[in-house]
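J.: Position chain H relative to chain X; hints supplied.
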Amino acid sequence: SVTGKLNVGVDTVQHGVEGLAYLLTESSKLMISETDFQDSIQVLGFSDDLNKQLLQLYLENRKEIRSILGELAPKLPSYHSLEWRLDVQLASRSLRQQIKPAVTLKLHLHQDDDQTAQVLQTDPSTLLHLIQQLEQALGEMKTNHCRRIVRNMK
Amino acid sequence: MELSAYAQGGWRLLGDPRYFPRRSYASLLRAAFRGLLDHPHAGLDDPDLKDIDPTVLKHCHAAAATCILEAGKQKADISAISTCLEDCKLDKERIEQFCTEYQKNKDALEILLGSIGRSPLHITDVSWRLEYQIKSNQLHKAYQPSYLVTLNVENSDSGSHPDVRFSCTMEQLQDLIGKLKDAAKSLERATQM
Chain X
336 SVTGKLNVGV DTVQHGVEGL AYLLTESSKL MISETDFQDS IQVLGFSDDL
386 NKQLLQLYLE NRKEIRSILG ELAPKLPSYH SLEWRLDVQL ASRSLRQQIK
436 PAVTLKLHLH QDDDQTAQVL QTDPSTLLHL IQQLEQALGE MKTNHCRRIV
486 RNMK
Chain H
6 MELSAYAQGG WRLLGDPRYF PRRSYASLLR AAFRGLLDHP HAGLDDPDLK
56 DIDPTVLKHC HAAAATCILE AGKQKADISA ISTCLEDCKL DKERIEQFCT
106 EYQKNKDALE ILLGSIGRSP LHITDVSWRL EYQIKSNQLH KAYQPSYLVT
156 LNVENSDSGS HPDVRFSCTM EQLQDLIGKL KDAAKSLERA TQM
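Protein sequence lines correspond, in order, to chains X and H. If you read the first sequence in my numbering, its first letter stands for residue 336, the second for the next number, and so on. If you read the second sequence in my numbering, its first letter stands for residue 6, the second for the next number, and so on.
The set of hints was computed from the structure by calculation and includes no laboratory data. Treat the hints loosely; a few may be bogus.
[Stated by the list, open to error] Listed below are the simulated DSS-like cross-link pairs for lysine-lysine, each with C-alpha atoms no more than 27 Å apart in a straight line:
1. 398/X to 140/H
2. 146/H to 477/X
3. 109/H to 435/X
[What the hints assert, rightly or not] Computed list of chain H residues with no C-beta within reach of chain X, every gap over 10 Å:
4. 13
5. 32
6. 52
7. 56
8. 85
9. 113
[Unchecked claim] Just so you have them, the derived chain H footprint on chain X, three or more residues with Cβ under 8 Å:
10. 432-446
11. 475-486
Idealized CB from N, CA, C, for every residue including glycine.
Just chain X, with the same shape it has in the complex:
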């Protein structure tokens, strides 16, 4: 075990792990530069070799840590996938001889660790309207306004 190999107490190992985790998490969260990272750990008084290893550890794991941190933010259910089906209603208890086209959708969403599936329906004209609206939404990111903001925020 780790305590055996290092010849130190359990508490020490725990503190060590927590400290390291904190260092990496905070650095990744703030996305600090290499220079800033090196300056920050300088105060710990470690050897140059150790400092280099820590920097390496930070750079190699930064992306994954950030991806995990991103999952922690307050979130709404997110899109997973969509299934669809075309139906034609021919009759019902209250009306015979119908020809009523409908599009049935199954929307799969992720919420935290759960997956939900919701069955929805729409008619042909609303379907076309949905497509048009959502294509407009997608196009927004390509407008000058949005491009300018993205450029200036980085």
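T.: Below, chain H alone, put in the same frame as chain X:
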């Protein structure tokens, strides 16, 4: 097209000028159609109907409504309706009056009957919001676009229903649009067959 014995009884009364003079007959027909299509309590306070015995009025109103709904449900044509009313001993003029009134209201009736019944939540509209995430308390300098899509839905029974909301990335939105477009293309092909 067949009516129950109760309804037939009501129509026999409706065809009898001793119970329903011409104007009262016309008023009752109007009341029956309005009651089904506009307001549930419409029309029975028409002055032409106030002299009629309330029990008879109720019976005949029910009979008229039953006939209207049955004709609508079966998508009955004029000859089927006429035959049915002839069996209740209605004269030609009164049958014609009913058929004229029926023709006028046929489309609205069909829409009403077609809307009754269970179906999954119906999407009526969509709204969206584009945001650019800058940071959260867990992650700084996040910098990514995110879409918030709201689907307005209606319940076939109660009308309104909380909207379906979800967030998605640009890629996911692209996926969603792609699938919807596939459905639309299939629809187009199906209508051309």
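J.: State for each hint whether it applies.
T.: Evaluation of the provided hints:
1. 398/X to 140/H: holds, 15 Å
2. 146/H to 477/X: holds, 21 Å
3. 109/H to 435/X: holds, 22 Å
4. 13: Its Cβ never comes within 10 Å of chain X, the nearest being 22 Å, so this holds.
5. 32: holds, 27 Å
6. 52: Correct as stated: the minimum Cβ-Cβ distance to chain X is 33 Å, above 10 Å.
7. 56: holds, 35 Å
8. 85: holds, 13 Å
9. 113: holds, 13 Å
10. 432-446: holds (count 10)
11. 475-486: With 5 residues close enough to chain H, the hint holds.
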